[in-house]
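Peer 1: FYI, UniProt numbering numbers position 276 of the sequence shown as 276, with every residue one higher than the one before it.
Since the hints were made in silico from the structure, they are not lab data. One or more of the hints may lead you astray.
Stated by the list, open to error - Here are the simulated EDC-like cross-link-like pairs (lysine to aspartate or glutamate), alpha carbons at most 16 Å apart as the crow flies: (1) LYS318 x ASP203; (2) LYS175 x GLU361; (3) LYS175 x GLU364; (4) LYS193 x ASP111; (5) LYS93 x GLU83; (6) LYS167 x GLU353.
As the structure is a prediction and not an experimental result, all values here were calculated from the model.
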Amino acid sequence: MLKFTLNRRYNGLQLENSIRFYACGVLETVNEYFHYMGLTSHRKTAIEALSSLLSEAMDRVVNLMALSKSMAPILCIDNLDMEERIQLASVGKQTRTFHGTWGYLHIPNNDLLKSLNPDELTLDAFHHALRQVASLDINPQMFLPTSCPSDDYALVWKSQIAWVMHKYVATPTDKRSMLPLNPPSIEPISPKKPVIQMLRLMDESDNSAEGIGQVMDSLQRQSGLEPDEFFGRLQLMDADLGTCQIFNAIRMLRIPSEHCEHSLNSILMSLGAAHTLWNIAHTILTHHFGNSNAMDDLGVWRYLEALGIPPEKVIQKKDFTKMLDYMEQVHEATIWYCLREVMGKHDEVINEELPVIPTAEWNEIVEQCYLCFCTHDARRQAKSAPQLFNLLNRMQDFST
Numbered sequence: 001m002l003k004f005t006l007n008r009r010y011n012g013l014q015l016e017n018s019i020r021f022y023a024c025g026v027l028e029t030v031n032e033y034f035h036y037m038g039l040t041s042h043r044k045t046a047i048e049a050l051s052s053l054l055s056e057a058m059d060r061v062v063n064l065m066a067l068s069k070s071m072a073p074i075l076c077i078d079n080l081d082m083e084e085r086i087q088l089a090s091v092g093k094q095t096r097t098f099h100g101t102w103g104y105l106h107i108p109n110n111d112l113l114k115s116l117n118p119d120e121l122t123l124d125a126f127h128h129a130l131r132q133v134a135s136l137d138i139n140p141q142m143f144l145p146t147s148c149p150s151d152d153y154a155l156v157w158k159s160q161i162a163w164v165m166h167k168y169v170a171t172p173t174d175k176r177s178m179l180p181l182n183p184p185s186i187e188p189i190s191p192k193k194p195v196i197q198m199l200r201l202m203d204e205s206d207n208s209a210e211g212i213g214q215v216m217d218s219l220q221r222q223s224g225l226e227p228d229e230f231f232g233r234l235q236l237m238d239a240d241l242g243t244c245q246i247f248n249a250i251r252m253l254r255i256p257s258e259h260c261e262h263s264l265n266s267i268l269m270s271l272g273a274a275h276t277l278w279n280i281a282h283t284i285l286t287h288h289f290g291n292s293n294a295m296d297d298l299g300v301w302r303y304l305e306a307l308g309i310p311p312e313k314v315i316q317k318k319d320f321t322k323m324l325d326y327m328e329q330v331h332e333a334t335i336w337y338c339l340r341e342v343m344g345k346h347d348e349v350i351n352e353e354l355p356v357i358p359t360a361e362w363n364e365i366v367e368q369c370y371l372c373f374c375t376h377d378a379r380r381q382a383k384s385a386p387q388l389f390n391l392l393n394r395m396q397d398f399s400t
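Work the whole structure out from these sequences, hints included.
Peer 2: The following block contains the structure:
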């Protein structure tokens with residue numbers, strides 16, 4: 001603070017605070033007070049700094065999207081809705097909602113690019129691969145698990161059971177020889193931090209055919225390329241399910257077209273990893289949720305209600321993290337019940353202090369729980385009992 005007061009060049013902390021205050025909507029009066037205290041810079045200084053950062057970011061986007069690159073960076077976009085709520089509305093001051101699109105460039109790793117053949121990353125190679133898909137024979141067995149059990153999946157199951165056992169049921173005497181609490185590493189990805197460059201916030205929304213066309217034009221302008229240059233090479237894009245459907249619909253409406261910027265045949269729009277996992281998890285939860293209006297229904301809603309979680313808020317597809325947390329809590333509660341069943345302690349009082357048992361016995365309980373409730377043989381033997389069969393199927397789905 002003293003250095004900032006004596007010399008304006010020592011303004012790193014103050015400039016960061018002023019930019020953060022401006023982005024978060026802090027009143028200028030509050031910013032002026034902190035500026036007087038030497039904790040922030042002036043509001044005009046923050047705006048000039050943002051303008052400088054914007055120019056630098058735009059130049060970087062142009063350099064990354066240059067035609068000299070062997071492969072165009074992956075474009076990731078998603079819709080963004082922001083509401084500016086006015087508590088005391090008046091003339092000229094009303095609650096407003098911003099519907100736009102945000103995105104970023106994902107630059108592939110250099111080691112990955114070196115391992116690929118540049119001739120197979122061209123637009124002609126992409127179209128040639130698509131033509132071969134028409135004659136591809138799709139066998140349903142490609143999407144089904146094999147009949148033989150996977151050792152890796154068994155270790156994942158046992159680690160989940162061991163985690164619940166150690167957290168809620170009992171602890172072993174010797175933790176060095178206990179079954180691992182963490183699942184094994186299966187095809188780990190590179191831990192290197194990806195290179196990501198944010199794009200400028202777009203005023204166009206991707207939730208309509210007209211909007212997705214405007215988004216594509218905005219991306220082309222930000223890239224600094226001409227329309228025939230931007231749409232004339234293979235461009236990979238990630239988006240959510242709705243955006244992919246709208247994009248494919250507008251592309252079908254523009255067929256046939258000889259202009260690349262009109263046909264959009266050079267763009268491959270696919271689901272992002274986060275949206276794919278979101279849809280899969282939501283489908284699993286919806287399938288096992290049950291009917292909360294039927295008191296004889298034993299779906300997931302009953303477990304959520306017993307855990308003090310409102311079931312109607314979990315099924316809403318709004319917060320992916322909370323949805324997974326609630327599914328994890330239901331899964332842990334089910335495993336806890338199975339462990340108590342194996343140990344034969346359903347009638348005993350639950351104590352907050354966990355008992356300590358021999359490690360060999362602790363490991364044996366985990367193994368027995370896996371064999372009784374988590375294997376294919378256990379599900380096959382439970383077909384005669386519908387309630388138990390549904391429970392084991394839900395545990396199988398939630399374990400993934």
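Peer 1: None of the hints should be skipped; say for each whether it holds.
Peer 2: Hint by hint, here is what the structure shows:
This hinted pair does not check out: LYS318 and ASP203 have alpha carbons roughly 23 Å apart, beyond 16 Å. Distance check on the hinted pair: LYS175 and GLU361 sit about 12 Å apart at the alpha-carbon level, within 16 Å; holds. Of the supplied pair hints, the one linking LYS175 and GLU364 holds, its CA atoms being roughly 14 Å apart against a limit of 16 Å. For the suggested pair LYS193 and ASP111, the alpha carbons sit about 13 Å apart, so the restraint of at most 16 Å is met.
The hinted pair formed by LYS93 and GLU83 meets the criterion: a straight-line CA distance of about 13 Å does not exceed 16 Å. Using a Cα cut-off of 16 Å, the hinted pair LYS167 and GLU353 holds, with the two alpha carbons roughly 11 Å apart.
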